[in-house]
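Q: Put the two chains together into one complex; each comes in its own frame, and the hints tell you how they fit.
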Amino acid sequence: MTQRLPLIIFALVMAVIPLLPGIPPFWIVLLDNIGLAALVAMGLVLLTGVGGLTSFGQAAFCGFGAYTTAVLTTAYGVSPWLTLPASLLVSAIAAVLLGLVTVRLSGHYLPLGTIAWGIGLFYLFSKLEFLGRNDGISGIPPLSIGSFRMLSPDTIYYAIWVAVLLSALLTMNLLDSRTGRAIRALRRGHIAAEAFGVQTPRAKLLVFIYAAVLAGLSGWLYAHFQRAANPTPFGAQAGIEYLFIAVVGGAGYVWGGVLGAGIVVILKEVLQSYLPYIFGGQSQLETIVFGIMLVLLLQLAPQGVWPWLMSHLPFKPARKTPDTSVKLEHRERAAGTSPILLHIDKARKQFGGVLAVNDVSFDVNAREIVALIGPNGAGKSTTFNLITGVLPATSGKIAVLGNEVANAPPQEVVKLGVARTFQHVKLVPDMTVLENVAIGAHLRGNSGAISSMLRLDRADEARLLAEAARQIARVGLSEQIDQLAGSLSLGQQRIVEIARALCVDPMLLLLDEPAAGLRHMEKQRLAALLRQLRDGGMSVLLVEHDMGFVMDLADRIVVLDFGTKIAEGTPAAIKRNPDVIKAYLGAAA
Amino acid sequence: MNTTIMLFLLQDGITNGAIYALLGLALVLVFAVTRVILIPQGEFVTYGALSYAMLATGQVPGTVRLAVAMGLVAFALDLFFARKALHARLVMRSVALNIVFPVALLGLVYALVGPNTPIAINIALALLIVAAIGLFLYRIAFQPIAHTSVLVLLIASVGCHLALQGLGLVFFGAEGLRAPALSNAAVTAGPLRFTGQSLAVYALTVGFIVALWLFFGYTKTGKALRATAVNRLGARLVGIRTTLSGQIAFLLASVIGAISGILIVPITTLYYDTGFLIGLKGFIAAIIGGLVSYPLTAVAAIVVGIVEAFSSFYASNFKEVIVFTLILPVLVLRSLAAPQVEEEKD
Numbered sequence: 028m029t030q031r032l033p034l035i036i037f038a039l040v041m042a043v044i045p046l047l048p049g050i051p052p053f054w055i056v057l058l059d060n061i062g063l064a065a066l067v068a069m070g071l072v073l074l075t076g077v078g079g080l081t082s083f084g085q086a087a088f089c090g091f092g093a094y095t096t097a098v099l100t101t102a103y104g105v106s107p108w109l110t111l112p113a114s115l116l117v118s119a120i121a122a123v124l125l126g127l128v129t130v131r132l133s134g135h136y137l138p139l140g141t142i143a144w145g146i147g148l149f150y151l152f153s154k155l156e157f158l159g160r161n162d163g164i165s166g167i168p169p170l171s172i173g174s175f176r177m178l179s180p181d182t183i184y185y186a187i188w189v190a191v192l193l194s195a196l197l198t199m200n201l202l203d204s205r206t207g208r209a210i211r212a213l214r215r216g217h218i219a220a221e222a223f224g225v226q227t228p229r230a231k232l233l234v235f236i237y238a239a240v241l242a243g244l245s246g247w248l249y250a251h252f253q254r255a256a257n258p259t260p261f262g263a264q265a266g267i268e269y270l271f272i273a274v275v276g277g278a279g280y281v282w283g284g285v286l287g288a289g290i291v292v293i294l295k296e297v298l299q300s301y302l303p304y305i306f307g308g309q310s311q312l313e314t315i316v317f318g319i320m321l322v323l324l325l326q327l328a329p330q331g332v333w334p335w336l337m338s339h340l341p342f343k344p345a346r347k348t349p350d351t352s353v354k355l356e357h358r359e360r361a362a363g364t365s366p367i368l369l370h371i372d373k374a375r376k377q378f379g380g381v382l383a384v385n386d387v388s389f390d391v392n393a394r395e396i397v398a399l400i401g402p403n404g405a406g407k408s409t410t411f412n413l414i415t416g417v418l419p420a421t422s423g424k425i426a427v428l429g430n431e432v433a434n435a436p437p438q439e440v441v442k443l444g445v446a447r448t449f450q451h452v453k454l455v456p457d458m459t460v461l462e463n464v465a466i467g468a469h470l471r472g473n474s475g476a477i478s479s480m481l482r483l484d485r486a487d488e489a490r491l492l493a494e495a496a497r498q499i500a501r502v503g504l505s506e507q508i509d510q511l512a513g514s515l516s517l518g519q520q521r522i523v524e525i526a527r528a529l530c531v532d533p534m535l536l537l538l539d540e541p542a543a544g545l546r547h548m549e550k551q552r553l554a555a556l557l558r559q560l561r562d563g564g565m566s567v568l569l570v571e572h573d574m575g576f577v578m579d580l581a582d583r584i585v586v587l588d589f590g591t592k593i594a595e596g597t598p599a600a601i602k603r604n605p606d607v608i609k610a611y612l613g614a615a616a
Numbered sequence: 306m307n308t309t310i311m312l313f314l315l316q317d318g319i320t321n322g323a324i325y326a327l328l329g330l331a332l333v334l335v336f337a338v339t340r341v342i343l344i345p346q347g348e349f350v351t352y353g354a355l356s357y358a359m360l361a362t363g364q365v366p367g368t369v370r371l372a373v374a375m376g377l378v379a380f381a382l383d384l385f386f387a388r389k390a391l392h393a394r395l396v397m398r399s400v401a402l403n404i405v406f407p408v409a410l411l412g413l414v415y416a417l418v419g420p421n422t423p424i425a426i427n428i429a430l431a432l433l434i435v436a437a438i439g440l441f442l443y444r445i446a447f448q449p450i451a452h453t454s455v456l457v458l459l460i461a462s463v464g465c466h467l468a469l470q471g472l473g474l475v476f477f478g479a480e481g482l483r484a485p486a487l488s489n490a491a492v493t494a495g496p497l498r499f500t501g502q503s504l505a506v507y508a509l510t511v512g513f514i515v516a517l518w519l520f521f522g523y524t525k526t527g528k529a530l531r532a533t534a535v536n537r538l539g540a541r542l543v544g545i546r547t548t549l550s551g552q553i554a555f556l557l558a559s560v561i562g563a564i565s566g567i568l569i570v571p572i573t574t575l576y577y578d579t580g581f582l583i584g585l586k587g588f589i590a591a592i593i594g595g596l597v598s599y600p601l602t603a604v605a606a607i608v609v610g611i612v613e614a615f616s617s618f619y620a621s622n623f624k625e626v627i628v629f630t631l632i633l634p635v636l637v638l639r640s641l642a643a644p645q646v647e648e649e650k651d
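Protein sequence lines, in the order shown, are assigned to chains A and C.
Counting from 28, one number per residue, gives the positions in the first sequence under my numbering.
Counting from 306, one number per residue, gives the positions in the second sequence under my numbering.
Next up, chain C with everything else stripped away, as it sits in the complex (with noise of 0.2 Å):
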């Protein structure tokens, strides 16, 4: 092997290492302060990612719809819950939230969309309508059972995969999607080029792992948004607004998602169940990380990424074997450093 192709796998590894950095960031986050294992976060990715592929050639995604969908059951929810106590207020915020912002969401779809409509605006609405997407789910799925076991979240979490992938399929259809460049622009350094887009990558990882680092170590609302993670009830003893906090904390890990799919569609052809995959690279980032620590799941992501570029050169054929077997070595040392484990309850 050369020191070329040593570079260019080096860089093709730390690229998609820092597209698995994001997401095992989101997954960390959500994780943190709801402790659901977030299985859809790669359907975030796809529906991102192909929503702003099928803006960006003038069509209307079919995830506006869903979103609009999944607003009117957050609402049916909202009423439900709150029946013995129905004050104007909060049936006034609920509706702000669940109908009016999706529907005007899927009005300026319908208004904005075109062949010229510019890049910014097609990716202001893949992400508005993911970040609706993900705000609903929690609320439709996990709210009602946040106070279970991580087992029950999990598994819910896995339902909200299949009908998440499910609806892509529906949506995006089998074709493959991919979506022009954010920008043209590219630096060369020696034989290696770096294009706009992989620099920006690379910026939006740095920023958002500063960004969650500081947030939940040093503001009253990060710790706030640990503490429920913590103990639920300890949490709303002391004032702390715990739906909100998971509400917040899917928002985030949708946006992430979304971001992260918006990033590399122009790089990769992505299908409506490319997502899965991705997440779940992300995933052993995070398990790496031990779903706590931000800079550690970013530096597993890199290796992750630079162990999966290298083993498509050399064993391309047993490329996923080999990354996700990758999470046996890190679990035998987690289980020889694992603390009592604690009993469950429920």
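In isolation and in its complexed conformation, chain A is listed as follows (with noise of 0.2 Å):
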């Protein structure tokens, strides 16, 4: 209830504010322009902010909301909030097909590409006879209830802040669930969550259709605000200065959109207002002002307003830590064909000329420590990397228990059970341990975007969560729990990669150089807890560089060089072996 108040609060100040004696008229209708705004924001916060694509083509989702309304409504005669869910499944299903071109595009296509079909559909817009061309349609009817019509601004401000707060609330719901945190990991770590399980395309295109369906509504409730649509509202301007919103206001957080678009209408209007005074009756002097504003905002405060408001309060919000006596039923283990747990057969991975891993062969039983050594540039890393599906092998056969791998996507891989930490730690810094160690249990949870939304997936998500604590208890980071993963040391944060691979409930567990950048205890430690899970009826298969950690805790060591395996066998018997020797110290030794 706490973490409810102040959004209630928010909310009742919100209804208040139109009854109000004396506010001026005007004032409720940069209201209404705001919450237009902060709809369109919310989503661009989602996709942009947290999601890490970045749109400059969202006004032409409001277009397709707010043109579908325009037609229905007045060629049609249909009632306006039936033409609602039709306005939203157009931007949606414009969203998907514009959605499957460009979300798989990296980094810098996709703006660009953005940019490209906005403007595209700009001129559609403007073209097409059945849409007005230029002029437009007018003559849309109001929103109404009975027979109580919402002509006026302070009537309709009702319907879109009810709008913009449901919006709000949906939207938080979803960042913060099972599938909010695949969708958070999208922007920095997507590769490790796609390890655990996240189909990241499904995410990203979730994330687009979202922010195009939250547009809709927005385009929507403009067409039943003015009462007419034209394109110059969905052009690339238009498309620019909401992305300017979300940046202003934060766009990593969802009430970042909402702050954004205050500021921003509001500014507008005041440098409409008062530029052309000091300039002596120029116009479009406030796109200067913007785009000057903007590119300081860049240089002085690139996380927006938000977060800034936020480290100043004088309260932080408080977490709430997961009951962990709920329990999470193992994961569904794939019937196997043979006793042999991972079984690599002439494993052989090709860049180009170079050779990495060259028909290298070696097994993994049942509760059995393997630890794969060798020189830097031996190929281990690859050797993990085709194991777990990240690359596919040139050639030869990898199973697990007998379920061949056959260059499955890594997504693939982690339902036989197979989890795994990186030698370059991929957590997301700006979520907190917890949150990062659930995105391990991700294949073990069930809930979709909807019933997060709509809060029907605590019982899940508390199973979820539970798993995650007990997991980040097992390895003794509690006390770090509500932490950022990004704040840890290095050491804490492999530690932390650990919990998250055993929210898989894995047989198999590989582990990248799990001991560099420990401490001696830290170490003990790892290898106490490493030699338990074994004891339990787990396997591991580690790289360390740290040869008296490996050789004090391996039950058979596989001796990689240049991509070649050169020896296999228990540790006393590598420490003696004269190629191994060689490959270490060279052949003087």
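Nothing false has been slipped in among the hints.
Pairs of lysine-lysine, DSBU-like flavour, derived with a Cα cap of 35 Å:
#, chain 1, residue 1, chain 2, residue 2
1, C, K624, A, K295
2, A, K453, C, K528
3, A, K550, A, K424
Quick partial rundown of chain C residues pointing at chain A, CB under 10 Å, derived from the structure:
#, residue
4, A461
5, H466
6, G471
7, L582
8, F588
9, N622
10, V626
11, T630
Between beta-carbon pairs, the in silico distance windows are:
#, chain 1, residue 1, chain 2, residue 2, range
12, C, G501, A, F53, 56 to 66 Å
13, C, V378, A, P334, 26 to 36 Å
14, A, R346, C, G481, 52 to 62 Å
15, A, A393, C, L601, 51 to 61 Å
16, C, V378, A, V105, 52 to 62 Å
17, C, V637, A, S106, 34 to 44 Å
18, A, V105, C, L601, 41 to 51 Å
19, A, K373, C, L601, 38 to 48 Å
20, C, V378, A, S106, 49 to 59 Å
21, A, A102, C, T574, 32 to 42 Å
22, C, I424, A, P334, 49 to 59 Å
FYI, nobody ran anything at the bench for these hints, they're computed from the structure.
Ideal Cβ placement from N, Cα and C applies to all residues, glycine included.
A: Next comes the structure, spelled out in structure tokens:
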């Protein structure tokens, strides 16, 4: 309840404003415009700030929403309320079509693509006969409930702000869920997320559609607010402005979108009414100020205003601690056809002319700790990537319990019970330890986006978080559970990665240099943990450079040199092996 | 359709395409060196063209005052960032570049401007003005955030575009301008007539492509510029002056933009906001070229020009729609061939 308190207060304040005596009607119009812009900006927050997909084309989706209702209500006499789902659907379909094309693009191609189709759609709106060309469509009926018609700015005000508050609530619910974690991992950490079964292309498409639907909603409201639709507010300029709003407010925060809309809409109004007095009647002066401010803002406060405000709050919002007594069912084990847990048969990887892994074969049995060692560049991490499906093998066979991996993507490999950590830590730095670790349990939950938005996922979510908290306690990081992952030391981050891998409920744990950056005591604790895991039935395959750690811990060691296996055996045998000594110390030794 | 119309459309398309190619090349150049996607490239075009057009009528364009103002800001920034280690040499260099150069330019413009000033001088002045603006734009808007992600740079770039376009309206007004032709020479081949103007366009485009290709592929400076783009820190560690690289790139881009503008302003009337659309068409070409390949960008630009010419003949209403949706199939192909997307760092 305390978490909802600010929202309720905000809703009450917004509800009272139009009722106050002496409020100029013009202020209400401004607030209406702020609400409309906030809806679009909120979508952009999810898309750009959280998901890392920059779009300059959101205004076009407003256009889809507005024109859909304009055409249906004026030409076919459909009731405005019936056109709402139609408007949202048309925006969503447009988003699917454009999204399938664009979201797979890397970094800067995406924003450029959105500029291009943003402009293309603007011209389409302004040339199509049935959309009224440049003049647009007028005479759109107002929204009405019974005989109450929302004709004036202060009546549609409620429709707009109910939409804003509901959208904010749904968006925050979505971000704080299993799907939300997948979305938040898109921008930084999607490679790791994929290794735990997150379908990143699907998550990207989801946010793209979500943002488009919010923009479509804004467009639908706009059409019934203005009672007309013409192409100008849906052009490239408007698309740029929406992005500006999100950046000003704080692109990573839902309320940043609302705040940004407030700042920009009011600022624009002030600039438009006062600049001409100062500079003598020139139009478009506000764009100059706008542009300069955008550049300044990026230099001075690239995070936006909202996080700056939040950091000045006298109190910190409390976090809930998950109830660890809730049980999470074990993962369903794939039926095996072979007693050997991991079987690698002549795996080979070639990068152009470089042979990184040269026909390497070895097995990992159940309840066994195997170490993969070798000098730098020996192909250890590449072997890991072949096993986990990050890289396709050039040839050879890799099987888990007899089920061939056959170059399956990482999302499939993890389903076989293989979980991994990364040599270069891949956590989402601006998520807490708990949230990062919960990504590991992604496949053990099943709530989707819609149930998350409506808070129907709480039981499922509680199980996932409980499991994550248990694994964090198991690796000894309970005290850091609510800290941001990026604020931990590198050694601790590696341990967080192990907890995340344990959340998969794996049979085989692949650890890439887990002891690097750990202090002596921490290493001993890690070794004890790994022994305990083995005794509990898990197998571990680890790459490590700390020979003391490896010799102490491993049951068996595989040695690679220049991509080729040069030895395999117990630690004692490996220590005496002349080939291994030669590889590590050179021929003269 | 008869062959003559087709030839005319082709010629028209290729001439426009050559302009787009020039702009596309500049965009690739700037992106390759600074990772900035230069949306204000279009403003360089209009600034160059309209400054030249105003000079040709004997007026002083407001852009030269903008250059002086931006120089002052750049100088202040130089001083601010170097405040902990102010050497006399550094300050002198900054004064020379940021104060003396634009003020001298301002003086030169006032001294030389007049209805009878030779075309060559007007062109030189317009080029110098835009070059100064380009140089200072990098110093002011991009150098302080040069280390950030492509995305942040892109948004800043959009901000620059908005400001410069708004200023364009202030300087040149809402009315379109045209300038006198650079030369009246013309060659006739069959039904087609090639003006000296369009021949100059072709020659310059080809010249720039070859020059850029040679510069980046075969000279030490060119390689240093490319290294800056790939890894700023690494480039600095081996002694490349990364800020200088960025300035060179912006200087080249603004000059290329201004040249394109001066080449087209005698053919078509330009408005203060025309540059944006022209620049975007250069973009489409640059994107097709993957923002890395100069020859591919040039070829793509010609294709864009031809498609535009034919669609303005057959479906003039949907000309822009067709040109801008041209990018979608290209993006599809790129996305199919796209390598593993790397993670964003900041």
